[in-house]
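Visitor: Top to bottom, those sequences are chains A and B. Quick note: the first sequence uses this note's numbering, first residue 265, plus one each step. Quick note: the second sequence uses this note's numbering, first residue 265, plus one each step.
Among the hints, erroneous ones may be present.
[Stated by the list, open to error] Computed list of chain B residues with no C-beta within reach of chain A, every gap over 10 angstroms:
(1) Val365
(2) Met547
(3) Tyr639
(4) Ile847
[Said to hold, decoys possible] Below, computed lysine-lysine pairings styled on DSBU-like, alpha-carbon distance capped at 30 angstroms:
(5) Lys915(A) x Lys521(B)
(6) Lys833(A) x Lys623(B)
(7) Lys320(B) x Lys833(B)
[As the list claims (entries may be wrong)] Just the calculated beta-carbon pair ranges, DEER-fashion:
(8) Val574(B) x Glu912(A): 55 to 65 angstroms
(9) Val859(A) x Lys521(B): 34 to 44 angstroms
(10) Gly570(B) x Phe959(A): 28 to 38 angstroms
To be clear, the hints were calculated from the coordinates, so they are not data collected in a lab. Just so it is clear, the structure is predicted and the values come from calculations on it, not from any experiment. All C-beta atoms, glycine included, are put in the ideal place defined by N, C-alpha and C.
2 protein chains.
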Amino acid sequence: MGNLSLFLIISILVSIFAFAFAVWLYRWVSAQPSSNQRVKEVGSYIRQGANTFLKKEYIVLSKFCAGAALLIFLFLPAPIWSGGTVLHNLTIVLAYLCGTVFSAVAGKIGIQVATIANIKTAEAAQRGGLKPSFLSAFRGGAVMGMAVVGSSLLGVTLVMMISGDSVALLGFSFGASSLALFAKAGGGIFTKTADISADLVGKVELGIPEDDPRNPAVIADNVGDNVGDVAGMGADLFDSNVASTVSALVMAIALGKKIGVDYAAMVFCYASLGLLSSIIGVMAARMGKKGDPTMALNMSTYITTGIFAVLTAGATIVFQFDWRIWGATAIGLFVGVIIGITSDYFTNDNKKPVRNVAKASESGPAFTILSGVSYGFLSVLPAMVGIGISAMISYNLCASIAPEDPTAGMFGISMAAVGMLSIVGMIISNDAYGPIADNARGLVEMGDLGDEALEITDSLDSAGNTVKAVTKGFAIAAAGLTIISLLGAFMSEVNDAAGTTVLTGFDIINPTVFFGMLVGASVPAIFSAMLMLGVDRNAQRMVSEIHRQFREIKGLKEGKPGVVPEYDKCIDIATNGALKELIPAGLVSILVTIVVGFVGGVESVGGYLAGNIISGLLLALFMSNSGGLWDNAKKYIEAGGNGGKGSEAHKAAVVGDTVGDPFKDTAGPSINTQITVVSLVASLMSSLFLAFSLF
Amino acid sequence: MGNLSLFLIISILVSIFAFAFAVWLYRWVSAQPSSNQRVKEVGSYIRQGANTFLKKEYIVLSKFCAGAALLIFLFLPAPIWSGGTVLHNLTIVLAYLCGTVFSAVAGKIGIQVATIANIKTAEAAQRGGLKPSFLSAFRGGAVMGMAVVGSSLLGVTLVMMISGDSVALLGFSFGASSLALFAKAGGGIFTKTADISADLVGKVELGIPEDDPRNPAVIADNVGDNVGDVAGMGADLFDSNVASTVSALVMAIALGKKIGVDYAAMVFCYASLGLLSSIIGVMAARMGKKGDPTMALNMSTYITTGIFAVLTAGATIVFQFDWRIWGATAIGLFVGVIIGITSDYFTNDNKKPVRNVAKASESGPAFTILSGVSYGFLSVLPAMVGIGISAMISYNLCASIAPEDPTAGMFGISMAAVGMLSIVGMIISNDAYGPIADNARGLVEMGDLGDEALEITDSLDSAGNTVKAVTKGFAIAAAGLTIISLLGAFMSEVNDAAGTTVLTGFDIINPTVFFGMLVGASVPAIFSAMLMLGVDRNAQRMVSEIHRQFREIKGLKEGKPGVVPEYDKCIDIATNGALKELIPAGLVSILVTIVVGFVGGVESVGGYLAGNIISGLLLALFMSNSGGLWDNAKKYIEAGGNGGKGSEAHKAAVVGDTVGDPFKDTAGPSINTQITVVSLVASLMSSLFLAFSLF
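Model the full structure from these sequences, guided by the hints.
Guide: And the structure:
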């Protein structure tokens, strides 16, 4: 099984193929007709706003990254003055910087295509109806999907080819995830600031429709969809995908050293097949005869899953790979689908939870919140049990490869994560579809493209929301598995650094470990709180600005022709607020990790990571699902349930949705990245913790 | 240090002294003047309602306990047919039943005195002013405090004298905590159903004052204070106190077997001194010159703390106890105070969090919720770090007693919990003071005792709320420490049952352990969700009933003389709802534990308990603190801040308070008990899990 070089070359070819496919999709989307001047104009505002924000955000982040690169150069994997490691430190710096650049480029590509596809989708809704409109949005999203997965596979392959070193791989992954952490936080704060403020003043106070051009925050809201849900989410999934591949490779390399068999080839083979399956899945995405966009999206996800399972089984036969590892991968994929289905149960408006929350809203907003929180709490169980079971099975399947060592089992867990994320290209396509459809809806409203087009984009938008719940389940669960296996990576890094087996595990009964667990469990809570307080503060500023405009700009409220609000002011508030708030939460998480490491030592860090994973999964699932649930409960009422638009139940549901917005789009999905970053920091700094800790 | 018998006798004498003191306090309260017919009448409604509910609740619980007793007899500690253990099983059944009965009696005593003290406090507010009114409420609460701590010390001492057996002690503790689990859940659902419904219809919809006699739910609300906050909370703290003492004893017995030194004497000595300190603290409670009830309550807490530290130091000199163990106890006490102070920061209306939430309420209820959730999340960090540090220090202090064995260190952690709970008599007195003052306020309003009396009882009530946050911090932290040490107890039970060392710890890297952790972490979330959905459903029923009465009873809304609402109907709804909802949540937690044990085996259970503790502490702290914060933000606005009563900010704050009510009084404080019950189930069933597990 030493045919690593073969699979490295195949991986590069497959990623290039994915890029070519992305270019083809991009051209297809660009070639769609568009002519409406008003739509073009608004579309260009959105594109400008998104690009301006992205540029400013990347300037802030480049400063942070430069600082981090300097620290890495000085200290990682060992202090530069400890002799003979300058070149190694430099390799890691380069890998780290590559990670950040690849991630940033993927975000930029996403924005580029999304801000074209939104226009095309809007016009297609008017001209051609549901099917072409769906396809414009979906293929626009797929450009992002292909770009992200292609560049993550390419990046990991290149780092592997050039260095072949675990620490450099972790450095690349750390680059990707540190950028993702801040991009997701910044984008998440931007988008929810604008979304909440626009809704509160527009829908609740003044009773004007969503995306009404009179609303000063309406462009900011549409910009937010792009910078938060497209660029931020892209960075996030780029990071998850890199992390799962890297953690599998790190375990494969460690295993290779121990038993002399190189499983890295298999990792690259499966990763390439995952990308191929996604390409096929994207091509296969078609609207069925009934014209149900939700079903079209879900079908293409399931098709991708099936193709991946078949292709990897085929490859396992042809290249005589180990079937136990295939089993671990398949388990991951299977459990991912199960988790997606259960998330769907808690957020789908045909199911009991959404219906009950809508019903509870009749008694007022407090009941909306209480029932939503309760169902959100209930929703964590299936996913947590699923993650636990897939970790247990995949570990036990692979443990027999090297029975005396936990590395083989941990490798199994990381392959389950690879399996779960194998279809990530498809997931990103579906996810990026959402904000494009949402934007298109805005453009239809603002460009006055008619009721029929509005109805079409409404149904596209709602499908995006439903599918999001399913894909989010995948992403969170995969992050959980990845980080469980990174715990193994952390342990092998420590033992490598010590040159002897100082750690054989992390014993809960050891109070140093337990101390770490308690602190680690608090971090996702603190992190979410800081992000939400950021949104809270920022939205309060924007709400006053909107109030000011309606008060001071004469004729705006009445919709006098020719009177336009000052959209820029709102975009500025969202931008500046997001830039101010995006660093602290992530930085605190990293600093606490470092403090725990230097106080409690490597055993505390092990406990810390475990506590962090557990509470991170718990809170991420809770926040994503309850947020999705409130959103759909509101939509259910708006569609006429429990009193319909304007009723007391509707007002209560809007409160729920507003609370849910930062839950599901700012804090919840950022937790993924937070736990990944923290794991990578721990692994990278392991030798320092080993050398200089208080306890 | 073998003078165990001496300290057993001293413990019995001290508990009898506490009972005598309770009787004296009870007589003092009863002897206070009361003459107002209207107050007497309403007071008797409340007493009747509370007693009726308690009776019905105890009937349901006695069936559950009978079933549990039968199962214990058949299976615990080993199946009865496995030969020769009938007597042992019977001992445990008896210990279990004693635990339930002692706990039930303590609850009953609390209701008895609270429903007298409320009348006395109300009338004292009219006749004598702040000082005598405060003293009536406080001494009424202290009866409960003395009864609970006296009976827990007496119970543990008797079980120890008669059986001297770890499993019987755990059985007694299990009896106490299984009763507490359901009593707290039942009482919590009752009280919040009534409270929320009364507020929503009364304050929000109709704008009538709190405790207005026209409100059909007003008596149910006052009954709720008694069955939830007095009886439920009493059972809860009875359970925590028993659990901490029992876990210290179990570890002391295990340690005694290993190194031949009996530390049980020391546990009883410290427990007796804790009770004595509380008695002195209660006697010392006096209103200062400035007449600030909050300061009076906090001062008596700190006095008790100081006395306990001095007395135990003295005893350590006189009886030549080990100073390391004193150190562990002192650390626990010290960290408890620190945690109390930080909880106070997040819930006190003079501090930034409450002020910011009140400010955020000006922008609407969504911001009240978002900022409250955020501060609630932030508030977990100091307590989690504090618990972690006290566990680490107390373990390391005592580990040197028997360096080769974790038992000594675990004993240290359990003594830190004993230290934290040493002043539990004082805590319960303060806690039971709250609902008495709250009830008195209701009686003043309903009996029309005048504005001055209303003002006095208002200030007493508000002091109760503030102090509650501090004492809750103690209770949650102590439960955390207790259960960390019960993890040690679980391990020694498993090794005892196996007759050899099958467990030396629980390794996080082991996926069976990790699986347990993930499932364990979900349980407090599920448990809270089920309780909150119970309140939600029940409150919706009661709200419709209140609406019906205002619609159908002519003249009620206008307050026509002679027209009274049908109070009974509301009490019935609260009672029936609570009885229906109180069993499932607790039962699910127990069943999941058993399933994990039989599927994953003892190692999974270890992980399960750790996950349960971590997420339990996280959620309990989050819910208690955010609930307290919302309550005080509402009070701050009602006192004139941010627009005052009737403003938009006030309406938003009422939504926050309504969400916070089941957070802080139903789900949050029940999690304590849930994690204790689950730990005890695990320890008691350890030999069964060892014999019959799937993995």
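Visitor: Determine for every hint whether it applies to the structure shown.
Guide: Hint check:
1. Val365: Val365(B) is indeed farther than 10 angstroms from all Cβ atoms of chain A, at 33 angstroms.
2. Met547: holds, 37 angstroms
3. Tyr639: violated, 7 angstroms
4. Ile847: holds, 17 angstroms
5. Lys915(A) x Lys521(B): Violated. Lys915(A) to Lys521(B) sits at ~65 angstroms, over the 30 angstroms cutoff.
6. Lys833(A) x Lys623(B): It holds: about 24 angstroms lies between the C-alpha atoms, which stays within 30 angstroms.
7. Lys320(B) x Lys833(B): holds, 16 angstroms
8. Val574(B) x Glu912(A): 55 to 65 angstroms: holds, 59 angstroms
9. Val859(A) x Lys521(B): 34 to 44 angstroms: About 39 angstroms separates the Cβ atoms of Val859(A) and Lys521(B), which means 34 to 44 angstroms holds.
10. Gly570(B) x Phe959(A): 28 to 38 angstroms: holds, 30 angstroms
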